[in-house]
Structure formats: C-alpha cells, structure tokens
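J.: Listed below are the residues making up each chain.
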Amino acid sequence: MVTAAPIRTLTYLQAVNEALRVTMREDPTIVLMGEDVAGGANVDHLINEDAWGGPMGVTKGLVQEFGRNRILDTPITEAGFIGAAVGAAATGLRPIAELMFVDFFGCCMDQIFDQGAKLRYMFGGKARCPLTIRTQIGAGVNAAGQHSGCHYSVFTHMPGIKTVVPSTPADAYGLLLSAIRDDDLVLFFENKVLYGSKGEVPEGTDGIPLGVADIKREGADVTIVAISRMVQQSLAAAELLADEGIEVEVVDPRTLSPLDEETILNSVAKTHHLVIVDEDNPRCGAASDIAAMVADKGFDTLDAPIKLVTAPHTPVPFSPPLEQFYIPSPEKIAETVRGIL
Amino acid sequence: MPTLVKMPKWGLTMTAGTVTGWLRDEGAEIEEGDPLLTVETEKAVNDVEAPSAGVLLKIVAEVGSEIPVSGPIAVIAAPDEALSEEEIASLVAAAQPQRTGAKAGPAGDGQRAAREARAAARDDSGRVNASPAARKLARELGIDLANVSATGPGGRITSEDVERAAAEPADTGEVREDVVVLGDGRTISYLVAGPTSSTPLVFLHGLGGSRGTWENLLGELVEEHRVVALDLPGHGLSDKPAPAATDYSIAGIAAAVREVLSTLTLAPSILVGHSLGGAVAIQIALDQPDLVIGLILVDSAGLGEEINPELLDLVDAEPSSENARHLLELFYEDKRLVLDRGVEEMHQGRRRPGAVEAERAVAGAAFSRDGQQTGLPARLNELAVPVLLISGVEDRVIPVDHVLAAARVIPDTWVKLMTGIGHVPQVEDASGLARTVDRFARAISG
Numbered sequence: 024m025v026t027a028a029p030i031r032t033l034t035y036l037q038a039v040n041e042a043l044r045v046t047m048r049e050d051p052t053i054v055l056m057g058e059d060v061a062g063g064a065n066v067d068h069l070i071n072e073d074a075w076g077g078p079m080g081v082t083k084g085l086v087q088e089f090g091r092n093r094i095l096d097t098p099i100t101e102a103g104f105i106g107a108a109v110g111a112a113a114t115g116l117r118p119i120a121e122l123m124f125v126d127f128f129g130c131c132m133d134q135i136f137d138q139g140a141k142l143r144y145m146f147g148g149k150a151r152c153p154l155t156i157r158t159q160i161g162a163g164v165n166a167a168g169q170h171s172g173c174h175y176s177v178f179t180h181m182p183g184i185k186t187v188v189p190s191t192p193a194d195a196y197g198l199l200l201s202a203i204r205d206d207d208l209v210l211f212f213e214n215k216v217l218y219g220s221k222g223e224v225p226e227g228t229d230g231i232p233l234g235v236a237d238i239k240r241e242g243a244d245v246t247i248v249a250i251s252r253m254v255q256q257s258l259a260a261a262e263l264l265a266d267e268g269i270e271v272e273v274v275d276p277r278t279l280s281p282l283d284e285e286t287i288l289n290s291v292a293k294t295h296h297l298v299i300v301d302e303d304n305p306r307c308g309a310a311s312d313i314a315a316m317v318a319d320k321g322f323d324t325l326d327a328p329i330k331l332v333t334a335p336h337t338p339v340p341f342s343p344p345l346e347q348f349y350i351p352s353p354e355k356i357a358e359t360v361r362g363i364l
Numbered sequence: 002m003p004t005l006v007k008m009p010k011w012g013l014t015m016t017a018g019t020v021t022g023w024l025r026d027e028g029a030e031i032e033e034g035d036p037l038l039t040v041e042t043e044k045a046v047n048d049v050e051a052p053s054a055g056v057l058l059k060i061v062a063e064v065g066s067e068i069p070v071s072g073p074i075a076v077i078a079a080p081d082e083a084l085s086e087e088e089i090a091s092l093v094a095a096a097q098p099q100r101t102g103a104k105a106g107p108a109g110d111g112q113r114a115a116r117e118a119r120a121a122a123r124d125d126s127g128r129v130n131a132s133p134a135a136r137k138l139a140r141e142l143g144i145d146l147a148n149v150s151a152t153g154p155g156g157r158i159t160s161e162d163v164e165r166a167a168a169e170p171a172d173t174g175e176v177r178e179d180v181v182v183l184g185d186g187r188t189i190s191y192l193v194a195g196p197t198s199s200t201p202l203v204f205l206h207g208l209g210g211s212r213g214t215w216e217n218l219l220g221e222l223v224e225e226h227r228v229v230a231l232d233l234p235g236h237g238l239s240d241k242p243a244p245a246a247t248d249y250s251i252a253g254i255a256a257a258v259r260e261v262l263s264t265l266t267l268a269p270s271i272l273v274g275h276s277l278g279g280a281v282a283i284q285i286a287l288d289q290p291d292l293v294i295g296l297i298l299v300d301s302a303g304l305g306e307e308i309n310p311e312l313l314d315l316v317d318a319e320p321s322s323e324n325a326r327h328l329l330e331l332f333y334e335d336k337r338l339v340l341d342r343g344v345e346e347m348h349q350g351r352r353r354p355g356a357v358e359a360e361r362a363v364a365g366a367a368f369s370r371d372g373q374q375t376g377l378p379a380r381l382n383e384l385a386v387p388v389l390l391i392s393g394v395e396d397r398v399i400p401v402d403h404v405l406a407a408a409r410v411i412p413d414t415w416v417k418l419m420t421g422i423g424h425v426p427q428v429e430d431a432s433g434l435a436r437t438v439d440r441f442a443r444a445i446s447g
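Sequence order for the protein chains is P and R.
Numbering-wise (our numbering), the first sequence opens with residue 24 and increments by one.
Numbering-wise (our numbering), the second sequence opens with residue 2 and increments by one.
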C-alpha cells in the first residue's frame, strides 16, 4: 500500500539538486564530477563560501554538504573526466558526471559509446557501468550553435545507454533518483530553459521507473508525443486547440531508451491521430523513431499520416528571432494538429 | 388535446419559412384543412392549413417572423378546451428546435468544427482514399468503402466516417445532384433522394419547366419514397443542343429518359409526368412497358387534343419578365402564387443559351394551334399499367375533361380532381398532391 507523499513546490533546478543530495546521502559510493560542479576549482578557502555550483548553479551547495572528495571539480577535458567516471563505475563507485552542454559530447564519445555503453556486453555481464552523465540541452537562451543542441537522439541510437528527458520538476526529481540508482550507463538530459519552471514535487525518495511514459493531458481527438520542453509547448498548444473543441492527449515518454511503446500505442489507438513534437534535429531522430514504431505496430489504428514537428535540420541559430523560429511553437504544433483532423 | 401547428417542410431544401399573413384571428373557430396563414419560403408562398378542428387559441409566430421547419406557429384547442398560459407556453417550448453544435465555427466556442462530409477522394486507379484505421474497421463491419463519405483532409475516409456509415440505416439516400451523359454526349441533369429500398418515382416536368417545379412535392415524399427528378433535354441544367442537331419530339425525349432510367438502374419505376412530361411518360409506357410499373399523369398532355393557344403564343414571344409573369398567371389559379421571385427565376431560366430555341422546338413538335399532335390519345387503351390521372379543375392550359375521357379508355385508372387548382398542382397544392401520389405509389408497389 502506497501512501501519497506530501507535496512541495520546487523549481526544475531545485529538483535536480535535491535528487543529487538524496542519493548521495543514501549511498556513500556516489561521487559527482565535472567542470565547475563544486564551483571553486578546489580552492581551499572557497569550500565554505558561496561556491558557484556549475554555470547555472544546479550543484550549488553540494560541496559544502558532501566535501571535496565527493564533489570534484575537473579540468576542462571531457575525455579525461568522463573516462575517469567510466573507470570509477567499472571499479565499484557510482559516479555522476556532468557534461556541461551536450554539444561537447564529441570530446568524450569514445569513453561513452565504445567503453561505458559496452562494458557489460564486452565482459559478458561481469562488469557494469552504474554511471549517470547529467548534461544540459535546449535552445532558447541565445547560447548559439555550440551550446544549444538537444542530441538525445544520438545517444538513444546507441545500445547500452539509457536516455532520460524530464519535462517537469517532479519528473526531474523522480527520474534522476532512478537514473543514479540504475546499474547501467544513463544519459540524463536537463533542459536549461526549464530550470526556472516550478512544479509540485512529492517528498520521499521513491524514484520514477525508467521506461514508463506519463500522460500529461488526456484527450480523445489527437495524441501528441512530446519530448522534454516540447511537453510544455504541446500543453500550450492543447489549450489553444481546446478552445476550438479539439481534445489533445499529451504523452510524455520521459525516457527515450527504454521507450514505453505501449502507452503511446494505446493513446493512438484511442485518438487515431499522432503528432510528435521534438526539439532535436529531425533526421534519424527520436521523433522519426517513434513515428516508425507506430507506423509498424499501430498502422491499423491510424486515421491520418503521422506528423512530426521538429527543429529544422540545422544548428541552433544565435539570432533571437531565428532561434524562436527554430523551436517548435505552440502555434506551429496547433496548426499541424488542425491539418490532420 | 390541444394541437400545435408547426412550420411545414415544403421543399427538399427548406429550412425555415417567414409568416407573411394570418388569415384567421385568435379565437376563431376553424375546421381541419382551413387555411390559417400564409408562409413564404425561398421558393414559394403557400397557405398553412389547420391540422385539426377547434379554436385558434394562440398565434405564436407573428407576421414577419422567420420560423425554422417544425418550429411552433400556433396552438389550436379542441372545442370547449381551456388551457392556461403555462400549458400553452410549455407546449410551445417543447417544439422549439434544439440547437445542434455540429457546425460550430472554429473560434473560441469550444465546439470542434466538423468537416463537411463529401465523396471520398480516389487515386488514378480508382482506389478510394481511406485511412488504415478506416480500412480495418470497414473490413470488420462489412462496410463497403465505396459507400462511405469522407470528412478527413484531402477526402480521406476516417474510422469515424466508417462508424457513422455503419450507424446509419443503409437505406436513407441523401440528396444528390448529378448528370447522366447520354450515348450521343448530351448531359441530363438530375436530382435523386430518399430511401433506396422503395420503388423509384421518376419526375418529368412540363414544357419550359425544370425539375425545380417538383421541389415542394419532393420534400413531402422524400422520407418514404425514392425520388428522381430530371431536367428534360433542352431544359433546366441539361444540355440544349440546337434543334437541328437533336430530336426534340416526344419520342426523342422519351428515348433520352429511357436511357437515363437504364443508366441509373431505376427500372422498373413509377413515372410522374406533368403536362408535356406526362406525354413523355405515356410514350415510354407504351414503347417499353417493362420499364414502368405505374404512371402518374398530372395535368398531362397526350390525353386529348386541345391545348390553350395562349401557351404557344407565350412560348413564341420574345422572353421577358412580363412574358414569364403571363405564363405563371396562366398556370396558377391562385394569383398570390405568382411571386416576383418566381417570375424572375422563370425568366432567367429561359435566358439560358439555347433554352428558348429548345422550348420552341419541343412545343412545335408536340403542339400546334390546331391542338396537340402527340398521336397518343388513340393508343391510351394499350396502357398496361395502373395510371393515376390528376388534374386541377381550373386548369386553363389543358382542359380537365381530358382526364375524364382518358379514364374511360385506359384499362386501370385512378382519378383525382383538385378543385381550386390550375395547371400546376405540384406548386399550387404540393401537400394535397403528395398525399395522392403517396397512396397510389404504396398501393401499386405492394
């Protein structure tokens, strides 16, 4: 019997910070490493000061609680500290590494893809890699083409990696608890535009299982599967469409690998219409992957072509108007829905 | 029991009528069938008759008000029946039409705008455009997608469309207007409506007319009968080739109608002919009796010799509004039916390219100043199907006597004479005519 935990209101950023604290308190093998995560570059006199805690302050205060042995500022060398984290995971620790922006993955892809993701497989199950890599995604803060991408599709493509894309503070909290506790390599994508968003988060330390989608809004006419911040954009589109009598169901897969196919297929079986909204680039992306899955397994439930609303096949522009144009907007989503009904 | 008088539905397309005048006052004693008020629609003005005897207790619809079909107009109380204001109000309220939200606009009213159902799109190979879900459902329910109309974008049938088709009784044919292309390339325009299971009633209008003349009558019949109304060659929206290039005789028109009956697989049917259309119907029944199970001849040509030369004068005269007005005045006994709009409609119809030439050719082949030249009266005894003969007693175009004479020679006849009616009962008293047609059609189709 589960009793409902008390609720508090947190920002998405606070929810991540809180999940880090909760897991680090319960498991002394957890260490956090990355550029500026302590915020003091291991300078003695800053330990007890108001250290930075990453560029957005997500890990602020952790070094004071857990000390410099567990909160490790690293050199600006992704290959080095991601490699160290993979090694630590393989040899008994439960590390959390912060890749500041996902756009930097090129610097450490061997460590992620050819080492961490394959350890269990290459050693016939005798090794494991309980590593969580937290990273920031998303356009919308004028951070230009090298700090604004999403790229979770790249990692979803790779076997051996779990990919987590929380859209709310509650999901960020519950999913990060599960990601850290998971015994495999997990990529945890925090959308930097959502850090300030507020939401109710249950107290307690129960994680949200990886691979379970969430229906963020129920509706009978069309299913929108939306990823990360696009859940919020789609909920806004649903409001626009509700005024026109169109009932939108918004499904948030929450994790792309594993993917909760059943929840998506059940929703489409109900509404017969599917729009997938994804801020990532369109080619070989999560959106087309989900579309292909439904076209295959849900073909006979469809009343219209599956429509994708994604970013264009370009890097993220710096120009603020162009950047806004790049991101799928509620208006564009609503227009796409109208087109298939 | 009080009776609520409701706005009648006079035509296939009538949605509302405007009260133009009350013929009786509140408190008046009335008999069933008494004209109570006049109502104008887009097509005509007509009397609404009392559905029961009693006292006109309450006039609900004031002069000038537009009332939707089936909306409340008046309350008739039985003699000696007393009703409170509340009882009257609740009676009236019960008849107020319910608003349905299916056609709500797109903005802000919380109603999903339904796309109009239309014929499903097809690709070049004829494959109908239907969604995967619609195909699966149609398979499961045994629905033929060819019979499902589409609401999806681009004319795609959706699963909802299949569900709707499955829920509809397969038998209610909706109103459809289309053309038949004859073997010689002429197009014949027609309208079809009503349940497909009943014997088709095929309506053939008179000289210079169009299938529009049946509008009110079809509205009365369409719930129970399959109705098909044609524009005869040279008339209405059908092609109007030059007289030298085609055959505008009764026999020529009959051949075209036979081709339509066969193309639309309407045989065997009951032919309903008015005036010249009646002669066409007789011709078909004589030439090819297997196509016909009964004839309904309304103020029909082909039954005798006389025809009012005034009609021929008006056909020969230059088309004008004045001319059209004279025609309608010749046709209708009740001159209130001669509306400016009806006059203009007729005039515009005759101004269509080729219309007057065709009309004169048809008239010239069938009639002359010496009388009708149809050759049909001598053959009426050969008619082997039941024939309903109808005439307005006051018909000034073709004398009512023709009906009486024909009734003596046609082996199996029904006769209906309509008093106070001129040459066009389908306009002058559509309800009365509908009752007679309905009874006959039911009787002979078993």
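Calculated from the structure, these hints are not laboratory results.
One or more of the hints may lead you astray.
[Claimed, not checked] In silico SDA-like cross-links for lysine to any residue, where the CA-CA straight-line distance does not exceed 20 Å:
1. P:Lys221 <-> P:Pro29
2. P:Lys330 <-> R:Arg157
3. P:Lys330 <-> R:Pro133
4. P:Lys330 <-> P:Lys221
5. R:Lys137 <-> P:Ala292
6. P:Lys293 <-> R:Thr152
7. P:Lys320 <-> R:Glu141
8. P:Lys293 <-> R:Glu161
9. R:Lys137 <-> P:Asn289
10. P:Lys320 <-> R:Lys137
11. P:Lys221 <-> P:Thr337
12. P:Lys330 <-> R:Pro154
13. R:Lys336 <-> R:Thr39
14. P:Lys320 <-> P:Ala236
[Claimed, not checked] Label-pair ranges, simulated between beta-carbon atoms:
15. R:Asn148 <-> P:Glu270: 24 to 34 Å
16. P:Arg306 <-> R:Arg177: 40 to 50 Å
17. P:Tyr144 <-> R:Arg119: 39 to 49 Å
18. P:Arg361 <-> R:Asp125: 53 to 63 Å
19. P:Met316 <-> R:Asn148: 52 to 62 Å
[To be verified] Derived contacts from chain R toward chain P, CB cut-off under 7 Å, selection only:
20. Ser126
21. Arg128
22. Ser132
23. Pro133
24. Ala134
25. Ser160
Quick caveat: nothing in here was measured; it's all calculated off a predicted structure.
All residues carry an ideal CB built from backbone N, CA and C; glycine is no exception.
J.: Now look at each hint and say whether the structure bears it out.
T.: Against the structure, the hints:
{"no.": "1", "hint": "P:Lys221 <-> P:Pro29", "verdict": "16 Å, holds"}
{"no.": "2", "hint": "P:Lys330 <-> R:Arg157", "verdict": "16 Å, holds"}
{"no.": "3", "hint": "P:Lys330 <-> R:Pro133", "verdict": "15 Å, holds"}
{"no.": "4", "hint": "P:Lys330 <-> P:Lys221", "verdict": "30 Å, violated"}
{"no.": "5", "hint": "R:Lys137 <-> P:Ala292", "verdict": "12 Å, holds"}
{"no.": "6", "hint": "P:Lys293 <-> R:Thr152", "verdict": "18 Å, holds"}
{"no.": "7", "hint": "P:Lys320 <-> R:Glu141", "verdict": "19 Å, holds"}
{"no.": "8", "hint": "P:Lys293 <-> R:Glu161", "verdict": "12 Å, holds"}
{"no.": "9", "hint": "R:Lys137 <-> P:Asn289", "verdict": "17 Å, holds"}
{"no.": "10", "hint": "P:Lys320 <-> R:Lys137", "verdict": "14 Å, holds"}
{"no.": "11", "hint": "P:Lys221 <-> P:Thr337", "verdict": "31 Å, violated"}
{"no.": "12", "hint": "P:Lys330 <-> R:Pro154", "verdict": "13 Å, holds"}
{"no.": "13", "hint": "R:Lys336 <-> R:Thr39", "verdict": "13 Å, holds"}
{"no.": "14", "hint": "P:Lys320 <-> P:Ala236", "verdict": "17 Å, holds"}
{"no.": "15", "hint": "R:Asn148 <-> P:Glu270: 24 to 34 Å", "verdict": "29 Å, holds"}
{"no.": "16", "hint": "P:Arg306 <-> R:Arg177: 40 to 50 Å", "verdict": "47 Å, holds"}
{"no.": "17", "hint": "P:Tyr144 <-> R:Arg119: 39 to 49 Å", "verdict": "56 Å, violated"}
{"no.": "18", "hint": "P:Arg361 <-> R:Asp125: 53 to 63 Å", "verdict": "28 Å, violated"}
{"no.": "19", "hint": "P:Met316 <-> R:Asn148: 52 to 62 Å", "verdict": "34 Å, violated"}
{"no.": "20", "hint": "Ser126", "verdict": "20 Å, violated"}
{"no.": "21", "hint": "Arg128", "verdict": "16 Å, violated"}
{"no.": "22", "hint": "Ser132", "verdict": "4 Å, holds"}
{"no.": "23", "hint": "Pro133", "verdict": "5 Å, holds"}
{"no.": "24", "hint": "Ala134", "verdict": "5 Å, holds"}
{"no.": "25", "hint": "Ser160", "verdict": "5 Å, holds"}
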